[in-house]
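Participant: Residues per chain, in single letters:
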Amino acid sequence: MAGITGKDAVLSAYAAALEAPKGRSLTQDALRRLVANKAALVSVFVLVAIVLIAYVGPYFLPWAYDKIDWSSIRKPPNFDKGHYFGTDQNGRDLLARTLQGTQMSLLVAGVATAVSVIIGVVYGAIAGYFGGRLDAVMMRFVDIMYALPYILFVIILVVIFGRSPVLLFVGIGCLEWLTMARIVRGQTLSLKQREFVEAARAGGAGPFTIIFRHILPNLTGPVVIYATLTIPEIIITESFLSYLGLGVQEPQTSLGTLISFGAPVAEAMPWMLIAPAVFLVAMLLCFSYLGDGLRDALDPKDR
Amino acid sequence: MEKVLSVHDMSVTFSLHQSEVRAVSELDFALARGETLAVVGESGSGKSQAFLAIMGLLARNGHASGRAMLGDVNLIGMAPDALDAYRGRDIAMIFQDPMTSLNPSLKVRTQLAEVLVRHQKMDQARAHKGVIDMLERVGMPEPVKRANAYPHELSGGMRQRVMIAMALLCRPKILIADEPTTALDVTVQAQMLDLFKSLTQDFGTALVLITHDLGVVAGLADRMMVMYGGRAVEKGTTDELFYDPRHPYTLGLLHSTPHVAKRARRLDPIQGLPPSLEHLPSGCAFHPRCAFRFDTCFAKRPPLAALETGREKACWVDGPLQRQAVA
Chain A
1 MAGITGKDAV LSAYAAALEA PKGRSLTQDA LRRLVANKAA LVSVFVLVAI VLIAYVGPYF
61 LPWAYDKIDW SSIRKPPNFD KGHYFGTDQN GRDLLARTLQ GTQMSLLVAG VATAVSVIIG
121 VVYGAIAGYF GGRLDAVMMR FVDIMYALPY ILFVIILVVI FGRSPVLLFV GIGCLEWLTM
181 ARIVRGQTLS LKQREFVEAA RAGGAGPFTI IFRHILPNLT GPVVIYATLT IPEIIITESF
241 LSYLGLGVQE PQTSLGTLIS FGAPVAEAMP WMLIAPAVFL VAMLLCFSYL GDGLRDALDP
301 KDR
Chain B
1 MEKVLSVHDM SVTFSLHQSE VRAVSELDFA LARGETLAVV GESGSGKSQA FLAIMGLLAR
61 NGHASGRAML GDVNLIGMAP DALDAYRGRD IAMIFQDPMT SLNPSLKVRT QLAEVLVRHQ
121 KMDQARAHKG VIDMLERVGM PEPVKRANAY PHELSGGMRQ RVMIAMALLC RPKILIADEP
181 TTALDVTVQA QMLDLFKSLT QDFGTALVLI THDLGVVAGL ADRMMVMYGG RAVEKGTTDE
241 LFYDPRHPYT LGLLHSTPHV AKRARRLDPI QGLPPSLEHL PSGCAFHPRC AFRFDTCFAK
301 RPPLAALETG REKACWVDGP LQRQAVA
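From first to last, the protein sequence lines are chains A and B.
Per this note's numbering, the first sequence starts with residue 1, numbered consecutively.
Per this note's numbering, the second sequence starts with residue 1, numbered consecutively.
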């Protein structure tokens, strides 16, 4: 009905012309809030830059990371010779080595985090969903693993399998999943009481369908957040192990190894410490800010 | 009448730390194809637990005994994996709160299609088409757009429509609706009731309506079962129970409901509180609150006995109840 004044017709034409509100998924929502967080956004850019420099940079450098320049050993930065960050005790270019070390640290962090996320999420979700005795047994196993010093594990692994970077990744990942399993189990315990899980059971879904289709998607938030916070932790662990001589082997290097060589001579040759330390600190800070940003962005209570 | 579900002597007990509590005792009823049965009672009368038991959804400490025959198979005591084949396909359930019964992180389409893929072994493309058809069938405006939405983008009424669509996707023989309208606005409630009526007629689905809203019952149900203290106390057609209640508790429920047609007067609630299932009164469980009680009621529990017209009641008082006696 257009009414006497025809106002209704005008209004409905106007309403039709208005764009219907577009639906936003949870992910889009979270991304929007992440972008609004300046620290997180800057962190993303810095991280992308570091990754690009670490992987592309070495191709543009005059020196390879394992090439020895006999004419300049233990020299401060020298732009004429192409040693922009100086050289180490063996005459190798420090910039090339720092970039290689960054690659290695990123790789360790990525692989170990992936291993810990996969094991931790599956383990925690199963323990939490089935509950009861199975849960008790599974979580006591986690408690026991927690109680054992992980250094012991790494040493045993290194002794048994020899020194290989892959083993190091998997070893660290296998230790980091413990906390992830606890977090996921706790979340699963509360999620499985929700009505949509009961509705899925009433619809005839089996336990594994429920875990993988109904519970895991709802865990994305905590898992992503915890994973980003695990990455710096793993980088530090790797640095520590390399510092002890259990990690990456020469001539390959990692940020931890570089720092362990630079630290004792920091007064005489500060460039050997500064370059890797700046990269490490920048990465750790960025991951932490990104993790914080993701936590705020994915937390439904902040909406 | 073709029976789709017949329940015999079903009891549900919960084991607590020291003791056992009987939430449902010796329940007997049958459900015919396409009929609507209303199960009415106060909170804690065991009406929800009885049907959760049939669905195999009791809490961990709950235990059901007796028989619930869906065709030739007994659902009580069946292994969970075996039960999964029937749940959602032959017998579906709608929960009280549509706000929390949908997975917040999955699109409506994905959640609904899952049911078809699981039970009818459809491929994704056909399942998605089936989902859109069903959403249209339950009166969802712009079904294609809504199917791609997440639950938080839908209103309460729309979500309840999604729940109904999900329950009806496999054209189940039985639909159990546990207080389906409690969480909705009054206007939406009316729409949902119309929807239930037309859908159950079209699909020949038997509907079990668990509710304490007698208004809903009057509009929708063919038959009624009134429960008190875990037992059925009166059964019959909706008209019989509304116009000629024979159990004092049914009468009490009717008097506790506001009536639009009659002049406003004070409501006449049932005195006292529902009994704790741990400490049921002796004799008839209702006697402490009953206006008609006499000495037999204290001592002996009345059996559920058939009356002349095929209705049943569990009460020692004979014949029609007089309104005056309540006051």
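Hints may be right or wrong, so weigh each one.
Partial list, computed: chain B residues near chain A (C-beta under 10 Å) [said to hold, decoys possible]:
| no. | residue |
| --- | --- |
| 1 | Met99 |
| 2 | Asn103 |
| 3 | Phe292 |
Since the hints were derived computationally from the structure, they do not count as laboratory data.
Note that beta-carbon positions come from the ideal geometry of N, C-alpha and C, so glycine has one too.
Participant: It remains to establish, for every hint, whether it holds in the given structure.
Facilitator: We went through each hint and held it up to the structure:
no., hint, result
1, Met99, "holds (9 Å)"
2, Asn103, "holds (4 Å)"
3, Phe292, "violated (39 Å)"
Comparing the model with each numbered hint stated earlier shows that hint 3 is the single one that does not hold.
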